[in-house]
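S.K.: The chain contents come next:
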Amino acid sequence: MIDWTYDSGVYELTLATPPCNEIGTAMLADLRRFIDQIDRDAHTLILRSGLRQGFCAGADLRELYRGLSDVPAEQHAPLLRKFIDEIHGVMDDLDMLPLTTVGVVHGVCFGGGFELALTCDVLIAEKSARFCFPELRLGIIPGFGGIPRLRRDVGNGLIRDLLLSGRSINAKKAQAAGLVSQVVAGGEGITAARALAAQTAKFDPTARKAAKAFIKKLPTDELLAERELFVRLAQGPALLAALKRFVESTDLRPYLP
Amino acid sequence: MSDTLDTLIRLAAKRFGADPAKLRAEDDLFERLGIDSFQAVELISDVEDEFDVELPDYELQAIKTFAALAQKIDARR
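Protein chains in written order, with full-length UniProt numbering: chain H, 1 to 257; chain D, 1 to 77.
A portion of the hints provided could be inaccurate.
[To be verified] Here are the in silico distance ranges between beta carbons for each label pair:
{"no.": "1", "chain 1": "D", "residue 1": "K14", "chain 2": "H", "residue 2": "A225", "range": "42 to 48 Å"}
{"no.": "2", "chain 1": "H", "residue 1": "R62", "chain 2": "D", "residue 2": "R15", "range": "49 to 55 Å"}
{"no.": "3", "chain 1": "D", "residue 1": "A21", "chain 2": "H", "residue 2": "D221", "range": "23 to 29 Å"}
[As the list claims (entries may be wrong)] Taking lysine-lysine pairs in the DSS-like style, the calculated list, with each CA pair at most 25 Å apart, reads:
{"no.": "4", "chain 1": "H", "residue 1": "K172", "chain 2": "D", "residue 2": "K14"}
{"no.": "5", "chain 1": "D", "residue 1": "K72", "chain 2": "D", "residue 2": "K22"}
{"no.": "6", "chain 1": "D", "residue 1": "K72", "chain 2": "H", "residue 2": "K172"}
{"no.": "7", "chain 1": "H", "residue 1": "K212", "chain 2": "D", "residue 2": "K22"}
{"no.": "8", "chain 1": "D", "residue 1": "K14", "chain 2": "H", "residue 2": "K82"}
{"no.": "9", "chain 1": "D", "residue 1": "K22", "chain 2": "H", "residue 2": "K173"}
{"no.": "10", "chain 1": "H", "residue 1": "K173", "chain 2": "H", "residue 2": "K127"}
{"no.": "11", "chain 1": "H", "residue 1": "K244", "chain 2": "H", "residue 2": "K172"}
Derived by calculation from the structure, the hints in this document are not laboratory data.
Here a beta-carbon is modelled for each residue, glycine too, at the ideal position from N, C-alpha and C.
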């Protein structure tokens, strides 16, 4: 589930779906519902997790496995395309909101969770935050717009390292790379985000929105190309086999990249 | 016991509320600390911060013991 509050121009959107805010159809529907009701005159959106484990562990792999296992292989492509189109719609809308969006990240920020965080204008990371793209282990690439969005912010060398090794990096490294703009102590992320929201409230709304529109563009062509590549790879046998291994694993540490 | 191993054991014990005197170099650190994958991620961040090193996950997959992790830390410093 997700939950949100609104007060004096500030939305606080809290992800709270155990075990670690995995993104499936229910989360997607909740995010769509939130976006569709948003007051475009609000000035700040704070996006965070209410779970100790972290910000978000990525796509709901168990739901994806069930969805693909329950239908014949020839239906995988339309099913995957529908899901990925809906995801991209939500991510693009979050990315382009006429509010200043602040992501507060702690603990696990993996895969689709990393991609969700990358829609935010400003990322505040608590020291425990770790970022990674483990998708190659599943025989796919990140499919929620992550690589095109990351390319807006950081150099190709680090992106290749993250994408091609699947390794995770900590908050300090993410800040040094330009991915995260503020690093704070554990539990202090929300305080820093609220302080930023209070500052944002002082600005002229027209100038604030124009500044964001000027500096932050959607990488439309790359997002489209990523979507096509994702759907093509996801139809291959590697994904289903990897999902089966994940779902049937008795390893206590399945999320370790 | 090396300085690195000593510091590592103290760090892990503090993070997860264990008694450092009861942790041994050759203990399986995940089993001994009773931690899940999310807590393991926290531990990796703590270790990187404490020793000012980068530890790629794929180099840690085969590491089970405090001693092996301490060796890896030293190799990355």
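S.K.: None of the hints should be skipped; say for each whether it holds.
M.R.: These are the hints, each one checked on the structure:
no.: 1; hint: D/K14 to H/A225: 42 to 48 Å; result: holds, 47 Å
no.: 2; hint: H/R62 to D/R15: 49 to 55 Å; result: violated, 29 Å
no.: 3; hint: D/A21 to H/D221: 23 to 29 Å; result: violated, 60 Å
no.: 4; hint: H/K172 to D/K14; result: holds, 21 Å
no.: 5; hint: D/K72 to D/K22; result: holds, 22 Å
no.: 6; hint: D/K72 to H/K172; result: holds, 20 Å
no.: 7; hint: H/K212 to D/K22; result: violated, 54 Å
no.: 8; hint: D/K14 to H/K82; result: violated, 47 Å
no.: 9; hint: D/K22 to H/K173; result: violated, 33 Å
no.: 10; hint: H/K173 to H/K127; result: holds, 10 Å
no.: 11; hint: H/K244 to H/K172; result: violated, 34 Å
Consistency with the previously given hints fails for numbers 2, 3, 7, 8, 9, 11, ordered from lowest to highest.
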